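Peer 1: The chain contents come next:
Number of protein chains: 2
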Amino acid sequence: MSEKRTIRIGLLGFGVVGQGVWKNIENNRQALELRLGAQLDITEVVVKNLSRERDVEVPAERYSDDPARVIENPDIDIVCELMGGTGEALEHTRRALELGKIVVTANKALICEHGEELFAIARRTGGHYFYEASVAGGIPIIKTIREALVANRFKLIFGILNGTSNYILTRMEREGLSFDETLGDARKLGYVEADEALDLDGIDAAHKAVILAYLAHGKWVKLNEIICEGIRDVSGEDITIAGQLGYKVKLLAVIARDFEAEKLSVRLHPALISKKEVIAGVDEVYNGVSVTGDVVGTTVLIGRGAGQDATSSSVISDIADAVFMLQGAPAPFISEEDEAVYNRLAAGLELADASDLQGRYYLRIHVKDQEGVLAKISNILAEHHISFATVNQKELDDGSALIMVTTHKSNELSIAAAKAALAKEPVVLGKPVSLRIFDPEAV
Amino acid sequence: MSEKRTIRIGLLGFGVVGQGVWKNIENNRQALELRLGAQLDITEVVVKNLSRERDVEVPAERYSDDPARVIENPDIDIVCELMGGTGEALEHTRRALELGKIVVTANKALICEHGEELFAIARRTGGHYFYEASVAGGIPIIKTIREALVANRFKLIFGILNGTSNYILTRMEREGLSFDETLGDARKLGYVEADEALDLDGIDAAHKAVILAYLAHGKWVKLNEIICEGIRDVSGEDITIAGQLGYKVKLLAVIARDFEAEKLSVRLHPALISKKEVIAGVDEVYNGVSVTGDVVGTTVLIGRGAGQDATSSSVISDIADAVFMLQGAPAPFISEEDEAVYNRLAAGLELADASDLQGRYYLRIHVKDQEGVLAKISNILAEHHISFATVNQKELDDGSALIMVTTHKSNELSIAAAKAALAKEPVVLGKPVSLRIFDPEAV
Numbered sequence: 001m002s003e004k005r006t007i008r009i010g011l012l013g014f015g016v017v018g019q020g021v022w023k024n025i026e027n028n029r030q031a032l033e034l035r036l037g038a039q040l041d042i043t044e045v046v047v048k049n050l051s052r053e054r055d056v057e058v059p060a061e062r063y064s065d066d067p068a069r070v071i072e073n074p075d076i077d078i079v080c081e082l083m084g085g086t087g088e089a090l091e092h093t094r095r096a097l098e099l100g101k102i103v104v105t106a107n108k109a110l111i112c113e114h115g116e117e118l119f120a121i122a123r124r125t126g127g128h129y130f131y132e133a134s135v136a137g138g139i140p141i142i143k144t145i146r147e148a149l150v151a152n153r154f155k156l157i158f159g160i161l162n163g164t165s166n167y168i169l170t171r172m173e174r175e176g177l178s179f180d181e182t183l184g185d186a187r188k189l190g191y192v193e194a195d196e197a198l199d200l201d202g203i204d205a206a207h208k209a210v211i212l213a214y215l216a217h218g219k220w221v222k223l224n225e226i227i228c229e230g231i232r233d234v235s236g237e238d239i240t241i242a243g244q245l246g247y248k249v250k251l252l253a254v255i256a257r258d259f260e261a262e263k264l265s266v267r268l269h270p271a272l273i274s275k276k277e278v279i280a281g282v283d284e285v286y287n288g289v290s291v292t293g294d295v296v297g298t299t300v301l302i303g304r305g306a307g308q309d310a311t312s313s314s315v316i317s318d319i320a321d322a323v324f325m326l327q328g329a330p331a332p333f334i335s336e337e338d339e340a341v342y343n344r345l346a347a348g349l350e351l352a353d354a355s356d357l358q359g360r361y362y363l364r365i366h367v368k369d370q371e372g373v374l375a376k377i378s379n380i381l382a383e384h385h386i387s388f389a390t391v392n393q394k395e396l397d398d399g400s401a402l403i404m405v406t407t408h409k410s411n412e413l414s415i416a417a418a419k420a421a422l423a424k425e426p427v428v429l430g431k432p433v434s435l436r437i438f439d440p441e442a443v
Numbered sequence: 001m002s003e004k005r006t007i008r009i010g011l012l013g014f015g016v017v018g019q020g021v022w023k024n025i026e027n028n029r030q031a032l033e034l035r036l037g038a039q040l041d042i043t044e045v046v047v048k049n050l051s052r053e054r055d056v057e058v059p060a061e062r063y064s065d066d067p068a069r070v071i072e073n074p075d076i077d078i079v080c081e082l083m084g085g086t087g088e089a090l091e092h093t094r095r096a097l098e099l100g101k102i103v104v105t106a107n108k109a110l111i112c113e114h115g116e117e118l119f120a121i122a123r124r125t126g127g128h129y130f131y132e133a134s135v136a137g138g139i140p141i142i143k144t145i146r147e148a149l150v151a152n153r154f155k156l157i158f159g160i161l162n163g164t165s166n167y168i169l170t171r172m173e174r175e176g177l178s179f180d181e182t183l184g185d186a187r188k189l190g191y192v193e194a195d196e197a198l199d200l201d202g203i204d205a206a207h208k209a210v211i212l213a214y215l216a217h218g219k220w221v222k223l224n225e226i227i228c229e230g231i232r233d234v235s236g237e238d239i240t241i242a243g244q245l246g247y248k249v250k251l252l253a254v255i256a257r258d259f260e261a262e263k264l265s266v267r268l269h270p271a272l273i274s275k276k277e278v279i280a281g282v283d284e285v286y287n288g289v290s291v292t293g294d295v296v297g298t299t300v301l302i303g304r305g306a307g308q309d310a311t312s313s314s315v316i317s318d319i320a321d322a323v324f325m326l327q328g329a330p331a332p333f334i335s336e337e338d339e340a341v342y343n344r345l346a347a348g349l350e351l352a353d354a355s356d357l358q359g360r361y362y363l364r365i366h367v368k369d370q371e372g373v374l375a376k377i378s379n380i381l382a383e384h385h386i387s388f389a390t391v392n393q394k395e396l397d398d399g400s401a402l403i404m405v406t407t408h409k410s411n412e413l414s415i416a417a418a419k420a421a422l423a424k425e426p427v428v429l430g431k432p433v434s435l436r437i438f439d440p441e442a443v
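Residue numbers (our numbering), protein chains in the order written: chain A, 1 to 443; chain B, 1 to 443.
Some clues are possibly wrong.
[As the list claims (entries may be wrong)] Below, in silico cross-link-like pairs of lysine-lysine (BS3-like), each with a Cα-Cα straight-line distance of 27 Å or less:
(1) B:Lys276 - A:Lys23
(2) A:Lys275 - B:Lys276
(3) B:Lys23 - B:Lys188
(4) B:Lys275 - A:Lys275
(5) B:Lys376 - B:Lys394
(6) B:Lys155 - B:Lys222
(7) B:Lys23 - A:Lys263
(8) A:Lys409 - A:Lys155
(9) B:Lys424 - B:Lys368
(10) A:Lys23 - B:Lys155
(11) B:Lys424 - B:Lys409
(12) B:Lys419 - B:Lys376
(13) B:Lys394 - B:Lys409
(14) B:Lys276 - A:Lys276
(15) A:Lys4 - B:Lys219
(16) B:Lys376 - B:Lys431
(17) A:Lys155 - B:Lys23
(18) B:Lys275 - A:Lys276
Calculated from the structure, these hints are not laboratory results.
These figures come from a predicted structure and were not determined experimentally.
Looking at chain A on its own, in the form it has when it is part of the complex (with noise of 0.2 Å):
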């Protein structure tokens, strides 16, 4: 066999994922070296703490603080962002990208606040940006919806996007724990990011949503033009009322592209979805997309959606393609001709907003119990032209009442309209909750 050429690799960040992907390579090298026809050199490894003892054994010159010894480095084929957030990460990628390297990156936050600017720096400088990662961790939904589906067009992708989220649903559905206990649970277990909003208020899994929005359909969307809600607000009743409905609550990323219209609804919130759909059997901390595309019809992955070893094996397999790429593959979806190419895809493409969303719809809402709030409160969505499918009502022990109605087919800003107005009643205590129930079939 001849000799073959040696890739060489820079980690910035070497904490869970970067310690991963060095294990990883060292345990599969043989095979990995055998598929690529190349041979892989961590090179290069900086960290932030040259004195933290760390699980994976790094020969000691590897090891700088220094990411001028990555970035300017001329002999580094792959530059490996796993340091997250959006400060040094940002400058490293940037600059990096300015020098026309391949950047393969896991940082969600990133891509989705500065990617379209790393991007276009990509696109003229012939570097590369590859963040399979980046999204549902082990889950190949970025190589499957940029090559796998090529042929599609991209009617409806949704899924779930975020472990932790689904975790602590699954297990107030199981155990019938409240979200406060088993949060105590999950930050236990590490679960939890440090930054708490990104799991709970569903901003980690909205900035998938938004590379895959990017992805699917060129377009950029920013996290203040969608709807981005949490799981906070999600109640044992809901999930209760929901199971005895036929319906599972999961914390959902939409992404619906309406080909007549030219409008692409990008959201992220809990919702109430039939358990005969396959996302609603993905459970516990694993993720499941579902794509469905003109040609292909619907197709579903699950996988795992985090950790060490999932992640790694997906920024793995970026390298992989980079590494194909040094070895003369053009860059998917970059090559020199089509810098206009997104641009051109999502031309005329509008972002749905509010007013174009309707569906059926879920209501708790908190009530003294009193003769007439039932009716009173029928009359109020009424006068919102809502109407009931079911009614559930629950007495509680200080005397108040839950009252937890589906609706018919209803308009999001006729539920926030509703909601506003039953705030204002006397019988009703504290805000109405509303979650969405979402059919795949009629988006």
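Starting from the structure of chain A, add chain B where the hints point.
Peer 2: Just chain B now, kept in the frame of chain A:
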């Protein structure tokens, strides 16, 4: 934008899949060509019968009944073999690869029976053989194993790879119908291949299992070396009892590698599988594949396993990969230097045989309803070191009875010996039927 290269495609065969490829390339041409950075031209369409009516309109000058217009034509960049079968298709594929062409195929039988020869020709000549559409229609399982999960060694791949038998089992379960009743409907719907053994005796799915075994482990396995059992022996009672015990009955392909003993088990048979497994929930004509890699953990892919559009989505995805190759990408897995890759990966890997196979089993024994019959059967099983986990007995109208047992962990050979011994007992009517209980945690 500068002039894009035109990629010329020739279709051999223009049946359901061929017409689907034509139709879907036409429908999504703009997006597809933007993504690929090239123009696609289906220059030649070779058919057997020039006068047959077809559902898509092809300019007359592109039609011919002369395969040489594709195979021997230096202007054709990509040959799509969509004729099926192992006769002419073999001859044309062999010749095209000899000429160093890129061949895209959906022909699982051909790869299963002649893949070793065909891939060897491709390696020698620099041609290439793409086959995403050969396994599980629209599910991108080939690309996922080859590229997305390149970091992994595959302990277990299993799943449902034949939609027709899955449709029959699903209807038997849901409607309590017999195999024969459901088969009649499946025939009417056109779900059953002309050669019914392909679907009903598991041969179609076994072809696909052989391809996945090669892809994941580099080892060619012959169909006659492996367990290949279809669904003809599965009865409504089996499905009912399985359901009561928490199982579904599915026709499963299993590719399990024991990395310590370096044994590879490849098999295709109906099995009881826990309803908790995602694959157990894959119903109707859907296919599903579960892949367990040592790095990524378990990833499951679900989608349409057949049909014009799903299959052509995969063919077009291979065409896209071929277009990238024609623009300079190295052939995945078949660079000049990697001729020996598969042999080295597979070196020392032995095919497991029945004596290596153990697990729990389900047995259905048809008996005369006499006193002591259960004791007699228990004794025979005990003599073969098989012990009961559960027993169900069902009286039949004619006074005979069915005894349905599940066993504790047993060996494949013991079960076979026990079944032979039972068949010789005068109280036993006909041959006992056994189904394996598949537990992904215990392979």
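Peer 1: Assess, step by step, whether the Cα of Lys155 (chain A) is no farther than 27 Å from the Cα of Lys23 (chain B), and give holds or violated.
Peer 2: 18 Å, holds
Peer 1: Quick one, are Lys4 (chain A) and Lys219 (chain B) close enough, alpha carbons at most 27 Å?
Peer 2: Since the Cα atoms of Lys4 (chain A) and Lys219 (chain B) sit roughly 24 Å apart, the hinted pair holds (cutoff 27 Å).
Peer 1: Take a quick look at whether Lys376 (chain B) and Lys394 (chain B) sit within 27 Å of each other, Cα to Cα.
Peer 2: 17 Å, holds
Peer 1: With the threshold set at 27 Å, check whether the alpha-carbon distance from Lys419 (chain B) to Lys376 (chain B) stays at or below it.
Peer 2: Distance ~13 Å between Lys419 (chain B) and Lys376 (chain B) Cα, so the pair holds.
Peer 1: Straight-line Cα separation of Lys275 (chain A) and Lys276 (chain B) no greater than 27 Å?
Peer 2: Within the cut-off at roughly 13 Å; holds.
Peer 1: Take the C-alpha atoms of Lys155 (chain B) and Lys222 (chain B), compute the straight-line distance between them, and say whether it is at most 27 Å.
Peer 2: Holds, at about 20 Å.
Peer 1: So if I understand the rule, the pair passes when the alpha-carbon distance is 27 Å or less; does Lys424 (chain B) with Lys409 (chain B) pass?
Peer 2: 24 Å, holds
Peer 1: Is it true that the CA of Lys376 (chain B) sits at most 27 Å from the CA of Lys431 (chain B)?
Peer 2: 16 Å, holds
Peer 1: Does Lys276 (chain A) lie within 27 Å of Lys276 (chain B) when you go C-alpha to C-alpha?
Peer 2: 14 Å, holds
Peer 1: Does Lys188 (chain B) lie within 27 Å of Lys23 (chain B) when you go C-alpha to C-alpha?
Peer 2: 26 Å, holds
Peer 1: Quick one, are Lys275 (chain B) and Lys275 (chain A) close enough, alpha carbons at most 27 Å?
Peer 2: Cα-Cα ~14 Å, so holds.
Peer 1: Would the pair Lys276 (chain B) and Lys23 (chain A) pass a check requiring their Cα atoms to be no farther apart than 27 Å?
Peer 2: 32 Å, violated
Checked against the numbered hints given earlier, the structure breaks only hint 1 and satisfies all the rest.
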